[in-house]
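Student: Here is what each chain is made of, one letter per residue.
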Amino acid sequence: MREELITSGRMNPYIDPHLAVWEWQIPLYLFLGGLAAGLLFFAAYFVITGKEEKYQTTVQYGPIVAFFAIVIGLLALLADLKHLAYFWQLFMTIRIVSPMSWGAWTLTVITFVALVWIFTYLKSGFPKFGCKVSFMRSLFKIAIKETDGNKWEWKYEWIQKFETYAQEKRKSWAWLLLVLAVILGVYTGILLSAFNARPLWNTAILGPLFLTSGLSTGAALLMLMTKDHQEKISYSRIDLMLIVVELFFITHMFMGFLASSQVKVEAAHYFLGGEFTVTFWINVVILGLIIPAILEALELLKFKIPVVVPGLLILWGGLMFRFIMVEAGQLIRYLY
Amino acid sequence: MAIDTKKCVGCSDCVVACQVENNIPHGYARDWIAETVEGTYPELALEIRSERCNHCENTPCVRTCPTGASHVIEGGIVKVTHKECIGCGACIESCPYDARYFHPEGYVDKCTFCDHRVKNGQNPACVSVCPTHCMYFGDLDDPNSEVAKKVRSRKTKVLAPEAGTKPQIFYLI
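Line by line, the protein sequences are chains F and D.
Using our numbering, read the first sequence as starting at 1 and increasing by one per residue.
Using our numbering, read the second sequence as starting at 1 and increasing by one per residue.
Calculated from the structure, these hints are not laboratory results.
A hint or two may mislead.
[As the list claims (entries may be wrong)] Facing chain D, from chain F, some residues (calculated, C-beta under 8 Å): (1) 2; (2) 11; (3) 12; (4) 15; (5) 19; (6) 21; (7) 81; (8) 82; (9) 83; (10) 84; (11) 92; (12) 99; (13) 195; (14) 333.
Remember, predicted model here, so these are calculated numbers, not experimental data.
Glycine is no exception: its CB is placed at the ideal position from the N, C-alpha and C atoms.
All chains, please: the whole structure from these sequences, using the hints.
Tutor: Structural data, given as C-alpha cells:
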C-alpha cells in the first residue's frame with residue numbers, strides 16, 4: 001500500500017486534484033483541425049489525380065467549410081490562452097522542437113493557401129452572382145460586376161490577373177495544400193504525443209492515428225455534403241478503408257501501452273476496465289467506427305442506407321475521441 | 001539542490017518563505033510539501049519531501065514552449081519570461097512534476113531557485129529559512145561544493161526518472 005499526499009502549498013484548482021489545464025477548447029480545436037485537414041487533403045488529392053470534374057463538391061465547396069472550421073478552431077484556441085494579450089508572441093519565432101509552434105505556423109499558411117484555393121473556384125462554384133440580401137449584394141459590388149444573369153467578372157484587372165495565374169498553377173497549389181493538410185492532420189496528434197509527462201499521450205502512434213481520424217471525419221462530412229451519388233459512394237468506400245486503418249491503429253496503441261512501462265500499462269487500464277472504458281468503447285469504437293463501417297459495407301452491397309447515419313456517427317466518434325483523449329491524458333500522470 | 005528526507009519535518013516554512021520572497025498571490029505556491037506513506041499499519045514508512053521545479057537537464061517545458069518564453073539560464077535554472085508567455089499551457093502539460101501554474105494574471109509561473117538572490121551569493125529563500133537545514137543549494141558540477149559532497153556521500157533518489165527529464169533535485173534517502 002502506498003499513499004501520496006500533498007499536505008501544503010499547492011491548492012491550485014488547475015492542478016489538484018488532477019491537471020485540468022486544457023478543457024473543451026483544445027479537443028474542439030483538434031477535431032476541427034483534423035476535419036479541415038481531411039477536407040483540404042481530398043480537395044488537393046482529386047485535383048492532383050485529375051478527377052476534379054467527378055468530385056466537384058470536394059474541390060469547390062469542401063475548402064470553404066474547411067476554412068470556417070479552421071477559423072472556429074482558432075477562436076477556440078484563442079479562448080484557451082490565459083495570457084491572450086501576448087498571443088502575437090507565437091509569430092515572433094519559429095521553434096522547430098515545439099509542436100505548438102508548428103501548429104501556429106501551419107495553420108497560418110494553410111489558411112492562406114485555402115483562401116487562394118477558394119478564390120480560384122469562386123466563379124465556377126458560384127456562377128450566379130445573385131445574392132438576395134441587398135446589403136451583401138452591394139458589398140460584393142465593390143469588387144464584382146455582373147455581365148448577365150449567369151455570369152460575373154472581377155471589376156479590377158489585378159484581381160483578374162491573379163485569378164488567371166492561380167488557376168494556371170492549380171496543380172502546384174494542390175501539392176502545397178496536400179503536404180500542408182498532412183502536416184496539419186499529423187500535428188493534431190503530435191501536439192499531445194510530445195509531452196513526456198502524460199503517459200497516455202506519449203506515444204508516436206498518436207500522429208498517424210489523429211491524421212487517419214481527421215481524414216475519416218473529412219470524408220464523412222463530404223459524404224454528407226455532396227449531392228452526387230457517385231461521389232457519395234466513393235466516400236463511403238474511402239471511409240470504410242480509413243475506419244479499418246483506424247481500428248488497426250487503436251489496437252496497436254493499446255498493445256504498445258500494455259507492453260510498455262508501468263505507467264503506460266496503467267494508462268491502458270483506464271480504457272480496459274477503468275473509468276473511460278464505457279465512454280471510449282461505446283462512443284468512439286462502436287458508435288464512431290464499427291457501426292458506420294457495417295452500414296457502409298451494407299451500402300456497398302447495394303442495401304439502401306441513409307447516408308446521414310454513418311456520416312454523423314463518424315463525426316460524433318471523431319469529436320468524442322479527441323475529448324476523451326485530452327481529458328484522460330491529463331488524468332494520468334507519473335506517481336513517485 | 002539536495003533535500004534530506006531524513007531531516008525534513010514538513011513544517012512548510014519553505015512554502016511560506018517562497019510566497020513572501022516572490023510575492024506569490026494568495027492560494028498559489030511555487031513549492032509544496034508531499035508526504036508518502038508506504039506499508040500496512042502498524043508497519044508504516046513515512047517520507048516527507050519539499051517539492052518544487054526540478055530544473056531538469058532535459059527540459060520538456062522548454063522544448064514544448066511555442067514562443068521561447070520558457071528558457072534555461074546560465075547555471076541551469078529554468079525560467080519563464082512573463083512577457084513572452086501566451087498562456088497556452090503546453091509547458092504545464094509537459095511537466096511530470098506539475099511544478100508550473102497559471103498566475104492569476106495569465107502567464108505561467110514557477111520556481112526560479114530565487115535567481116535574484118543566488119546572483120548576490122545568497123541561498124534561495126526556501127533553503128535559507130529551513131529550520132532543520134534539510135536543503136542544500138549550490139553548483140553540482142563543483143566537486144567541492146557542499147551539495148555535491150552530500151549527493152556523493154549519501155544514497156539519493158530523483159523523482160520520476162523514468163519520465164526522462166534528468167531532474168536536478170536530489171533527495172537524500
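Student: Now, for every hint given, state plainly whether the structure supports it.
Tutor: Status of the hints after comparison with the structure:
1. 2: Given a least distance of 5 Å, the restraint on residue 2 of chain F holds.
2. 11: Cβ of residue 11 of chain F sits 6 Å from chain D, so the hint holds.
3. 12: Where the cut-off is 8 Å and the nearest Cβ of chain D is about 5 Å from residue 12 of chain F, the hint holds.
4. 15: holds, 5 Å
5. 19: Holds: closest Cβ of chain D sits about 6 Å from residue 19 of chain F, inside 8 Å.
6. 21: holds, 4 Å
7. 81: Holds. Min distance 5 Å.
8. 82: Nearest chain D Cβ about 3 Å off; hint holds.
9. 83: holds, 3 Å
10. 84: Since the shortest Cβ distance to chain D is 7 Å, the answer is holds.
11. 92: OK, holds: residue 92 of chain F within 8 Å of chain D, min 7 Å.
12. 99: holds, 7 Å
13. 195: Holds: closest Cβ of chain D sits about 4 Å from residue 195 of chain F, inside 8 Å.
14. 333: holds, 7 Å
Figure legend: structure checked against the earlier numbered hints; every hint is met.
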